[in-house]
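Peer 1: Based on the provided sequences and hints, a complete structural model is requested.
Protein chains: 2
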Amino acid sequence: MAVRHYTLDFKLSAPADIPATVRGVQPIFQEQEMTETLHDTEGHGYLATFIGKNGRFAVLRVHSHGLVTFDLQCCEGDDATQVDNLLNALEKKMKTLFHGNIKRSKRLPALRRGDKVDCYWPTADGRLVEYDIDEVVYEEDSVYQNIKILHSRQFGNILILNGDVNLAESDLAYTQAIMGSGKESYAGKEVLILGGGDGGILCEVVKLKPKMITMLVIDGCRKHMRKTCGNVLDNLKGDCYEVLVEDCVPVLKKFAQEGRTFDYVINDLTAVPISTAPEEDSTWEFLRLILDLSIKVLRSTGKYFTQGNCANLTEALSQYEELLGRLSCPVDFSKELVCVPSYMELWVFYTVWKK
Amino acid sequence: MAVRHYTLDFKLSAPADIPATVRGVQPIFQEQEMTETLHDTEGHGYLATFIGKNGRFAVLRVHSHGLVTFDLQCCEGDDATQVDNLLNALEKKMKTLFHGNIKRSKRLPALRRGDKVDCYWPTADGRLVEYDIDEVVYEEDSVYQNIKILHSRQFGNILILNGDVNLAESDLAYTQAIMGSGKESYAGKEVLILGGGDGGILCEVVKLKPKMITMLVIDGCRKHMRKTCGNVLDNLKGDCYEVLVEDCVPVLKKFAQEGRTFDYVINDLTAVPISTAPEEDSTWEFLRLILDLSIKVLRSTGKYFTQGNCANLTEALSQYEELLGRLSCPVDFSKELVCVPSYMELWVFYTVWKK
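Protein chains in written order, with UniProt numbering: chain A, 1 to 355; chain B, 1 to 355.
There may be inaccurate statements among the hints.
Since the list gives no way to pick one copy over another, a pair counts as held whenever it fits inside one copy or between any two copies.
Stated by the list, open to error - As a list, the in silico DSS-like pairs of lysine-lysine whose alpha-carbon atoms are at most 30 Å apart:
| no. | residue 1 | residue 2 |
| --- | --- | --- |
| 1 | K92 | K116 |
| 2 | K335 | K189 |
| 3 | K103 | K116 |
| 4 | K116 | K93 |
| 5 | K92 | K253 |
| 6 | K53 | K103 |
| 7 | K106 | K53 |
Because the hints were derived from the structure by calculation, they are not lab data.
Peer 2: Okay, here's the thing in structure tokens:
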């Protein structure tokens, strides 16, 4: 069971002539054998609903101030040609009725409501975007989060955590950005990766012959993101890497106590923290704690890489940059704007180093 | 005058108990002083509409086969907190009513209908995507097409031709791809650019010290796409380039007759042809004609670059590749998949050369 929801809107320079508009479009609904119900809007223009065959339902509103909206809901399996004809007839008629008065007419791609596969995964800045998802590859609720892997025709498998697009197989740009955009030499270096359960970073850093990579991760997705992680997650220990499936905070604290340090710390934990102990009462406190501990285990010549957020969330980014100024160890930072294919928004990445 | 259109959908494992659902949610509408109208759907489940204050209008449908959809239309300037409260109350109540029976619940970012600035510019493969447009910079209907330049917070100015996103100031990736992705040496070469009215290609090729660039273009946008075109369009003639504001076909025919040839031909004409003479009766015929003429003026060692379309339009791309096999001069080709930031879909670029 699914519904296609079509919209057709006219923005006018001057208010529409309601009686003329209604007279003009009514024959179209009559021809389609749709039964009209007129509603009293208490002074907010004309509003009529129409019930047709096959469960078709339409709403026509002529607002008092120059906007006409039309909605048509059709059930899955309805005759697409008939539906198209109705919309075409209505659009054509309205273009005639409103001739010379149209600022804009807009007929959007139909909303797909209740489809077997959900294609709408809003951006971090809250915009509605439709993906070309054709298959649910994997879905599970772990103790920490809802994990989905969906297949996109163009982006390949996409990892979605708690409804946020996390990484797709098309997104090498993300991995490259959070590794310093190719400007670093990892050969012979000691690297700490926080998070990165998709294996993308590990897979790319391994290729660069580091001395040792330590990765702290809660969960893996080695099965369904092969293009991203290759085979590096098949074993938790390799020649130059070790994956510890453990909570970051206690391990980082232990490293800091032991005086263990790294040339690179790459923080790829999701923006929403996976686990917060009572001492960290908010997302920001968690971020600050991880940052502080990361800088503690960073060598004086080392670099800390992390993702920020989408370019449009300027307030959140400013808050993060302010936080960088308040760490127990003074740091400097630079940032870079990167286009990650499956995100449909530009993403900010940070490089942080000790002053 | 604008409308926010909110949706809230529940996909259920088993059909909802209609009387229990209606009993459960009715108090919420009553509390909001919304007047219910029950509709006869002729066997297609429960359908009620509600009219509330400030022109609010809601539709609740409980479909027979496990889908519940809710629509709420509110006029611009309505009390956002009240609207949010209504949606929250409804979502919470439904989650209780359908507990254990919910496959998925979805509350999308509100559709912005009739807004001053239109933010919906569907992708080439017909998906609904919302842009972060905050200003209409320029709008005009030329003889050939509707030209819009809209400002996006993250992508900068975006050129939109006949409703298709053409190029944004963020899209250097497009220009680089259609120039051969940095693998070509333009120094001392003769280059022909078809289209490219935004000036991006001209601006980038000029930097590479070619012998001469000839550009055939209908229209320019030198004012509002400065980040893309720099100052190269301020004069139609420079040290190493000449811009001819003319129709491509007759000029290409003249070049072919004169035996004039080029090292590189870059075809950046829009996918929809701007002008078709009677002899070319379709888009494809126009494409074929341009291609044939371009290959005629291409040196035997030369390369022809062009955009294809989005990765998902596999049939159109196959048709184009078939066409490449039927040119009067035999050619080979390669293609590349490129992420152009403002497109929100992967784009295919072609390199074509003489066999």
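Peer 1: Between copies, within a copy, both or neither: which fits K103 and K116 at Cα up to 30 Å?
Peer 2: between (37 Å within a copy, 10 Å between copies)
Peer 1: Between K335 and K189, at a C-alpha cutoff of 30 Å, which is it: within one copy, between copies, both, or neither?
Peer 2: This pair counts as within: shortest intra-copy Cα distance 23 Å, inter-copy 37 Å.
Peer 1: With 30 Å as the alpha-carbon cut-off, assign the pair K53 and K103 to within, between, both or neither.
Peer 2: Only across copies: K53 and K103 sit 28 Å apart there, 33 Å inside one copy, limit 30 Å.
Peer 1: Reference check for the pair K106 and K53, CA-CA at most 30 Å: within, between, both, or neither?
Peer 2: both (25 Å within a copy, 27 Å between copies)
Peer 1: Classify it for me, K92 with K253: is the Cα-Cα distance of at most 30 Å met within a copy, between copies, both or neither?
Peer 2: For K92 and K253, neither the intra-copy (68 Å) nor the inter-copy (40 Å) Cα distance is at most 30 Å.
Peer 1: 30 Å Cα cut-off: does K116 pair with K93 within a copy, between copies, both or neither?
Peer 2: between (35 Å within a copy, 24 Å between copies)
Peer 1: Taking 30 Å as the upper bound on the Cα-Cα distance, should K92 and K116 be classified as within, between, both, or neither?
Peer 2: For K92 and K116, only the inter-copy Cα distance (23 Å) is at most 30 Å; the intra-copy one is 33 Å.
In this structure, the one hint that does not hold is number 5.
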